[in-house]
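Protein chains: 2
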Amino acid sequence: MADVSLCLPLTRESVQSAYDFIRANVHKTPVLTSRTLNGIASTQQATSPDCAKPSIRLFFKCENYQKIGAFKARGAFHALLRLFHHLGEDEVRRRGVVTHSSGNHAQALAFAAHTYNVPAHIVMPSISTASKIAGTKSHGANVVFSGSTSEEREAVVAQVIRDTGAILVPPYDHPDIILGQGTAALEFEEKVGEMQSTPLDAVITPLGGGGLLSGTATYFAPTSTRVFGAEPSFQGADDGRRGLEAGKRVESIKTLTIADGLRTPVGLIPWTVISDREKVAGLYSVSEDQIKEAMKLVLERMKVVIEPSAAVPLAVVLFNEEFRKLVEREAGEKGWDIGVIFSGGNTTVEAIAKLFS
Amino acid sequence: MADVSLCLPLTRESVQSAYDFIRANVHKTPVLTSRTLNGIASTQQATSPDCAKPSIRLFFKCENYQKIGAFKARGAFHALLRLFHHLGEDEVRRRGVVTHSSGNHAQALAFAAHTYNVPAHIVMPSISTASKIAGTKSHGANVVFSGSTSEEREAVVAQVIRDTGAILVPPYDHPDIILGQGTAALEFEEKVGEMQSTPLDAVITPLGGGGLLSGTATYFAPTSTRVFGAEPSFQGADDGRRGLEAGKRVESIKTLTIADGLRTPVGLIPWTVISDREKVAGLYSVSEDQIKEAMKLVLERMKVVIEPSAAVPLAVVLFNEEFRKLVEREAGEKGWDIGVIFSGGNTTVEAIAKLFS
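Here the protein sequences come in this chain order: A and B.
Take the first sequence: its letter number 148 is residue 148 in UniProt numbering, and every next letter is one higher.
Take the second sequence: its letter number 163 is residue 163 in UniProt numbering, and every next letter is one higher.
Treat the hints as calculated values from the structure; they're not laboratory data.
Idealized CB from N, CA, C, for every residue including glycine.
Any given hint might turn out to be false.
As the list claims (entries may be wrong) - With the Cβ distance kept under 10 Å, some of the chain B side facing chain A (calculated, not the full set): (1) Met-295; (2) Lys-296; (3) Arg-301; (4) Val-304; (5) Phe-356.
As the list claims (entries may be wrong) - Computed footprint of chain B on chain A; a stretch qualifies when at least three of its residues, placed anywhere within it, have a C-beta under 8 Å from a C-beta of chain B: (6) 303-316; (7) 349-356.
If we strip away everything but chain A, and leave its shape as in the complex, we get (with noise of 0.2 Å):
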């Protein structure tokens, strides 16, 4: 990966610098919005009195839609093009790329590597699930596996690199992934401003590793847009938002919640932005149960396939009582325009059917 001393700062001009180097590779995703969610959310959710009632519109920026159906395929292609710009072409493509990942950012790198025809080695645990290994064969990676403890996964990793010299791409924890990460920030703000005259009052995005949330953080800075981040809180999984209560960021999680990718415990780098209250006014955490009522209704009123990570933002939106005071309490009558990011679609029918039967 670059160094880290080479890349530019995280500001909201080096997320429009990123955005010059991506937007050919990167589809410009679509924003929807959905008169049945808002009224959802704009309803009690019980008929306690303590229930707040805020009044919010909501803008969804699909990143489902984008290529290899994650916001992913961003850093990837962001990575590999300033390799590309601080190495050069042909040293990057002699060497190839590797990660460790079982889930969208191995396809987002292997299909960006595969694109510019440079080799990407892809360590996967040899107990993933065929259909993403073969998802990532597809895209032309040399899948290489290993056991499932990350200690054993780095062990694989850097046997891969004194073999063959190849870069590491991490998923999250560098500012090149986090500049094109926050290129879906800059088109969901040009998109909304083509929709209304207004800005969005508000963006939550996922937060696992937090390169999506500190790159939309960063881009949405000096706006009056705040940011928020939403994550699971089964199982610890809400390492965020408690390192923030305890003014310290939490390394290590264990967490099964089905929000499989947001396993992860936050990055160094990222948790420079998300722990700054200026860059994001709150981290906020909602249950599995109330994951699944979100992802039951974009599919079923929005007619729209979200993988349970993506449906989070929404879930605390719609369900945690604390975000939705704070919404009641700022917007007051006029209310707020809300944007949430759909991180991504890769789901199947077979996980669908298990989450619901």
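Use these hints to put chain B onto chain A, whose structure you have.
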């Protein structure tokens, strides 16, 4: 319902006239494309030299994003507005409308009637699922329960008419319904015209009662675009295809195909269009597994939620060798641009779970 003798003839111009009536009330639904599905459609289904290898580019008209989640909103609005035209709004409002259906037509009529403040009576079997009853009631309709045989339902409808003077709006067997459904074809042609300079070579729609297929065929009849119909084959649900073979409409069927919108025989008036080889170029059927596979591909690859009935035309394109051989033969190397109408998206995560677990 408006007396058939008062109705416009089944022509392209009449569909245009229907569109003038309803355009303010319906969504102009999007047309999507998918490189992944083009690739699958253009690949031999097996390596046997007998298998067709047509070249196919797909265009999807997304009526799952229509109001109430299905094309049925078009026919319902058109029927209601023609009633206004013939009888006057006051008379229609005084008498109300009635239908017997537990599916998308019931929701569509309830919604259209509610929009114009017309009482709607919907006769539903008392064994209908709670969510369907709630959905219909949510549009302000008066739900009247009946037994589940068609005789029992019709007896209750007759009673409602005697009691209230309500006007029957049938789900498909009426020119105003057919012309209303045909407006999806009009929008489809218009949108493809914006996307490229050549028209669709073919359009394929689901075939149940026949409103959508006969409306589509009526609209495209004077053009170069061929129109095909798609049916499930399970338990004789392919009554259209069998009727064509026998030279005689099949008057009743009894099937529990998963494509629950297509469990009815083709209606009398739609049959006059569908049995006309100048208007409908062919009917093809697919198995339950093929319908499920097509639905799975749309959900997982396009991230779009459709109901099983809506997956039947794509299943024909992907899996019916007779249809695929026809395309290969007629289209040659140039291939065909095939329009597929996604008729609706009204399903639930529980129903998806039941299909795929």
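Here's how the hints hold up against the structure:
| no. | hint | in the structure |
| --- | --- | --- |
| 1 | Met-295 | holds (8 Å) |
| 2 | Lys-296 | holds (5 Å) |
| 3 | Arg-301 | holds (9 Å) |
| 4 | Val-304 | holds (7 Å) |
| 5 | Phe-356 | holds (4 Å) |
| 6 | 303-316 | holds (count 4) |
| 7 | 349-356 | holds (count 7) |
Consistency with the previously given hints is maintained throughout, with no hint failing.
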